[in-house]
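S.K.: Residue-level listing of the chains:
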Amino acid sequence: MVTPTNIDDWIKNNLFHVIPMAIAVINQNFEIVFANKTFEKMFGRWEKKKCHVVYKNKDVHCVDCKGVKVFKDGVARVSEELGYNKQDRITHYLQHTIPVIDENGDIPFLVEMSLDITETAQIRKEYQLLFDQVPCSILLIDRNFRIVKTNQKVENTFGNIIGQNCYVALKGYDTECQECTSGQTFRDGKMHSGNHVWKTRSGKRREFLVSTVPLRHEDGHFDLVMEVAIDISQTLKLEDDLKIANSFMESLIATSIDGIIAVDMGEEVTIFNQAARKIFQIEDHEKITKEKLASMLPKNFLAQVSAGLGHVYLPETEVITMEGGKIPVRLAGVQIQIKGKQSGMAISIQNLSEIRRLEHEKLEAERLAAVGQTVAGLAHGVKNLITGLEGGMYMLNSGIEKGKTDRIGQGMEMLNRNIHRVSTFVQEFLSFSKGRKIKAENCDPVQTADEVVTMYSAKANESGIKLLHEYDSYIAPACIDSESMHECLTNLVGNAIDACRMSDNKNGKNVLLKTFEKDNAIIYEVIDDGCGMDYEIKNRVFTNFFTTKGLGGTGLGLLITRKIIQEHGGKIELESEPGKGTTFRITLPRNRLPVPTCTEES
Amino acid sequence: MSNKKKILVVDDEQDVLIYLTALFQDNGYEVITAKDGVEGFDLAKKEKPDLITLDITMPDQSGVRTYRYYKGNDELKEIPVIIITAIGDSMRSFLKKLSGFPEPEGFMNKPIDEKTLLKMVSDLLGKS
Chain A
1300 MVTPTNIDDW
1310 IKNNLFHVIP
1320 MAIAVINQNF
1330 EIVFANKTFE
1340 KMFGRWEKKK
1350 CHVVYKNKDV
1360 HCVDCKGVKV
1370 FKDGVARVSE
1380 ELGYNKQDRI
1390 THYLQHTIPV
1400 IDENGDIPFL
1410 VEMSLDITET
1420 AQIRKEYQLL
1430 FDQVPCSILL
1440 IDRNFRIVKT
1450 NQKVENTFGN
1460 IIGQNCYVAL
1470 KGYDTECQEC
1480 TSGQTFRDGK
1490 MHSGNHVWKT
1500 RSGKRREFLV
1510 STVPLRHEDG
1520 HFDLVMEVAI
1530 DISQTLKLED
1540 DLKIANSFME
1550 SLIATSIDGI
1560 IAVDMGEEVT
1570 IFNQAARKIF
1580 QIEDHEKITK
1590 EKLASMLPKN
1600 FLAQVSAGLG
1610 HVYLPETEVI
1620 TMEGGKIPVR
1630 LAGVQIQIKG
1640 KQSGMAISIQ
1650 NLSEIRRLEH
1660 EKLEAERLAA
1670 VGQTVAGLAH
1680 GVKNLITGLE
1690 GGMYMLNSGI
1700 EKGKTDRIGQ
1710 GMEMLNRNIH
1720 RVSTFVQEFL
1730 SFSKGRKIKA
1740 ENCDPVQTAD
1750 EVVTMYSAKA
1760 NESGIKLLHE
1770 YDSYIAPACI
1780 DSESMHECLT
1790 NLVGNAIDAC
1800 RMSDNKNGKN
1810 VLLKTFEKDN
1820 AIIYEVIDDG
1830 CGMDYEIKNR
1840 VFTNFFTTKG
1850 LGGTGLGLLI
1860 TRKIIQEHGG
1870 KIELESEPGK
1880 GTTFRITLPR
1890 NRLPVPTCTE
1900 ES
Chain B
57 MSNKKKILVV
67 DDEQDVLIYL
77 TALFQDNGYE
87 VITAKDGVEG
97 FDLAKKEKPD
107 LITLDITMPD
117 QSGVRTYRYY
127 KGNDELKEIP
137 VIIITAIGDS
147 MRSFLKKLSG
157 FPEPEGFMNK
167 PIDEKTLLKM
177 VSDLLGKS
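Heads up: the protein sequence lines correspond to chains A and B, in order.
Using our numbering, read the first sequence as starting at 1300 and increasing by one per residue.
Using our numbering, read the second sequence as starting at 57 and increasing by one per residue.
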């Protein structure tokens, strides 16, 4: 037990051993003559051993022995040493070598006090490694803007620039920079950062983001500033590229003729461009919710796009505007995926109203042109009728003058016949020019054709003509005015039968009606091997009140047929060769067919 | 043979045949008729008429082709032809452009003006 009275004894006997430093006393033969417990713990057994054996496991003197020097000049020394501890591990220690000087001034002993700094040295090494290897440039700058220290990264990039002024070494200036980040820190002691363009030793200009911090002493004052610089040239370039790409995309979206909409995975509509606003008739400032958007688009459209169907394309559909109106559009929706994960949807909308209007105008123009031709043809028809009437009048008048009763009767007959023709003509012409509104609905194109063939089979049979209907096994229903189409096919099949009957050789004649679909168009072909038509007739069949059937025809059948086909957005063509036969072909592209008259959404 | 001039009327309309037959007969001509171009061609070769009136829109052979037959035939090409048609002046200019064939001697639009037609006929027959 240590008390104040025996503390002196304790210091004499115990302190030496518990002091946390390894202490050894060495004689002039470099033998350890005395050592404390701490020394023994660190280096192991020491009695009668030479110091170099104990410290360094070496049998010979150290090359740079501090003991030799201290024995010689009596000046104490401090040195960092590497040796081996008692477990034979390398030990880093700080050694104070102090001479013990007697009254004669001789130095019989040295006291060596060693502090284990293995750990500290390790930490220091790690820091140096960190300092050199961090992926940024680090410089220490003094108040004269001289570079005091740099890390390896700086040396690699700029060469050895220690000792130079930073503005010279990094920028090639003669004087300090106008906006000096280190200067700011020197002035106010705070951390600062700024962008600087530095020239590398290969002459390249790179943009750096520089942060400066004061390296303070314990008392708070500082003479050095640490600059940490990161090369952001690549980042800035990417940023610029991104900005350009972004603004390009933004202006593209803003000025797009088609509506462009984007939604995220939540409830947000993130893009709704001007064209989309125009289509949906939404005010500029008004915000659109996803729910509202879904209600304006075709039912389940968003759900379909979202359901992972990828690209959903509706070439012809309708959207509903804010005012509740319907607009014909073409819709495309696509999932936006980032790294395989769905992050939203983009929708593109093309307004088809204008195209539809032009199509309608074109059909109307075609109809008017047909009417115009018809009117021109009407003159021809009327002239023939007048000739007939005049003939009747002549017969009547001259019969009365000459008192020829049979001529009077003939004249009356001619007048009656031609008056009857006038009324038939007028009726048919009226029905043609009035433009009966077609009543389109989904129906089977084959069935319509089949009805016509059935209707004519008796008549064909009577004339010894083989009438057949050939058709594709399945044609999807199409939106057609079946009654009008029936009339067209009746005209064409009737003409074909007449052509066979007018043929020189009336035996074994054929009329074939073919119904099929090709390139998304429904096609009817009426093929006969009858008398055929020569060039002049072919050129006139659609243009006038043209008939080759004398009093049997009004010359309106093919005109009406063409008009109906045009109203279905289709076309009619003919191929014919005198003596060989005629083929009429009706082509009805599905995408031009009328919309159902009674709006039944299927 | 009578010394009456003989006119061949070719028209597909029975009413026109009756009318023109009566008109020409009443004015002292002999009239023969055909209801289409082929029949008319055969008849013309057989009967050698002094004048032919020809309707231009007819079945089997169009009037234009019939006209070319007539004018391309050595026996018939000297016979004057009056085209009677309701098609109008476009046919007249079309016929004028036909290469290798002379223009028709007369051209008459329907409806027929009796006086003009009779004058045209008498002028053409007076010449021959």
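For the record, the hints were derived by calculation from the structure and aren't laboratory data.
There's no promise every hint is true.
Lysine-lysine pairs mimicking PhoX-like chemistry, simulated, CA-CA at most 25 Å apart [to be verified]:
#, chain 1, residue 1, chain 2, residue 2
1, A, K1701, B, K102
2, A, K1577, A, K1589
3, B, K61, A, K1682
4, A, K1701, B, K171
5, B, K175, A, K1682
6, A, K1349, B, K60
7, B, K102, B, K91
8, B, K62, A, K1703
9, A, K1703, B, K61
10, B, K175, A, K1701
11, A, K1598, A, K1586
12, B, K60, A, K1703
13, B, K102, A, K1703
14, A, K1805, A, K1879
15, B, K91, A, K1879
16, B, K60, A, K1701
17, B, K91, A, K1805
18, A, K1682, B, K91
Covered stretches of chain A (chain B as the covering partner; in silico rule of three or more C-beta atoms under 8 Å from a C-beta of chain B) [said to hold, decoys possible]:
#, segment
19, 1679-1686
20, 1691-1697
21, 1705-1714
Every value quoted in this text rests on a predicted model; they were computed, and no experiment measured them.
From the three backbone atoms N, C-alpha and C, an ideal C-beta is built for every residue, glycine too.
S.K.: Among the hints numbered above, which are violated by the structure, and what are their numbers in rising order?
M.R.: 1, 3, 6, 13
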